[in-house]
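S.K.: Residue numbers (the working numbering), protein chains in the order written: chain A, 81 to 152; chain B, 11 to 252.
There may be inaccurate statements among the hints.
Think about it this way: if two alpha-carbon atoms lie no more than 16 Å apart in a straight line, the pair counts; the simulated EDC-like pairs of lysine to aspartate or glutamate are [as the list claims (entries may be wrong)]:
(1) A:Lys-89 x B:Asp-207
(2) A:Lys-110 x B:Asp-47
(3) A:Lys-126 x B:Glu-60
(4) B:Lys-70 x A:Glu-115
(5) B:Lys-195 x B:Asp-173
(6) A:Lys-133 x B:Glu-91
(7) A:Lys-126 x B:Glu-75
(8) A:Lys-89 x B:Glu-60
Example chain A residues on the side facing chain B (calculated, C-beta under 10 Å, incomplete) [said to hold, decoys possible]:
(9) Ile-83
(10) Thr-85
(11) Leu-87
(12) Ile-92
(13) Arg-102
(14) Met-104
(15) Tyr-107
(16) Lys-116
(17) Arg-117
(18) Gly-120
(19) Thr-130
(20) Asp-131
Hints listed in this document are in silico derivations from the structure and should not be mistaken for laboratory results.
Backbone N, C-alpha and C define an ideal beta-carbon position, used for all residues, glycine too.
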Amino acid sequence: MIIYTPLSKEDIFYTSQEYTERQMISYNGKPLYCEKRADGSLEIVKLLSTDPKDFLNHEFSPGTIISQMNEN
Amino acid sequence: MDKQPEKKGDQTQDNNSSALVQKIQQLGQSNVPQAPDSNIHVLSIIGQVEGHVQLPPQNKTTKYEHLLPQLVAIEQNPKIEGLVILLNTVGGDVEAGLALSEMITSISKPTVSIVLGGGHSIGVPIAVATDYSFIAPTATMTIHPIRLTGLVIGVPQTFEYLDEMQNRVVDFVVNHSNITEEKFKDLMFAKGNLTRDIGTNVVGKAAVEYGLIDGVGGVKEAMKKINELIKQNGDHEQQVMQ
């Protein structure tokens, strides 16, 4: 791996923090990047769609909690 | 017999109202704004470009494995006529960045990029990969040699290996923008511009003067340009059909 960036190595790899449980899911046909919460539900971290219209849809806004049941 | 359909109707109503309550609880509102289908799609490349190795979670990253299938989908979908790429990146994995650049440059539909804030290091080839590139007047691009590597091998080999990696980036940028190889390398190895490193920090207008980026501008200019390119593309297709 070669990283090409003006940041120093320490800025990128500065802790041995555990990776949080993040995963990519498809929700209502849109790709989302989610973080698993303690109760098993998912919190939206990032919407990965390229359709600008989807970003107006509050259903996909970051911070929204979706239950595992709704995942499809 | 009469009761059954009635019961069914009640159930759907219950389901609907519970979905509505859930929506109000989560969003504080019951309706979502509707906009007409957009013929232009937007791809944002923000933070580190993440490649083969998952970076620690404090980094904001754009994962290239998420973007590649989206680029294929954009190429394939006849309803999408153009693509705008928003860049605010501090660089990242060379292979992933070059993969994205090659994908963007090989899309048959019109593409326009806007560098906002920063398009550093591996952000440079991504920015120039589009048909037309814009840079915001305050945005910067840092051009510097490649140094960070996970490989630990002998010094002369490391040097040559990095040099080769660097040439891939230089070649791509030179082939896809109006900057000359000589000028780009001059900027890359300039002394005195960056405090602890060799290289140059190129701001908005200067990037255009060096021929690296096509124009200074933001959303307005980018949308105007992409609509112009879409129109040209349409005219060309019509000519071919005739």
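S.K.: Determine which of the earlier numbered hints do not hold for this structure and return their numbers in increasing order.
M.R.: 15, 16, 17 and 18
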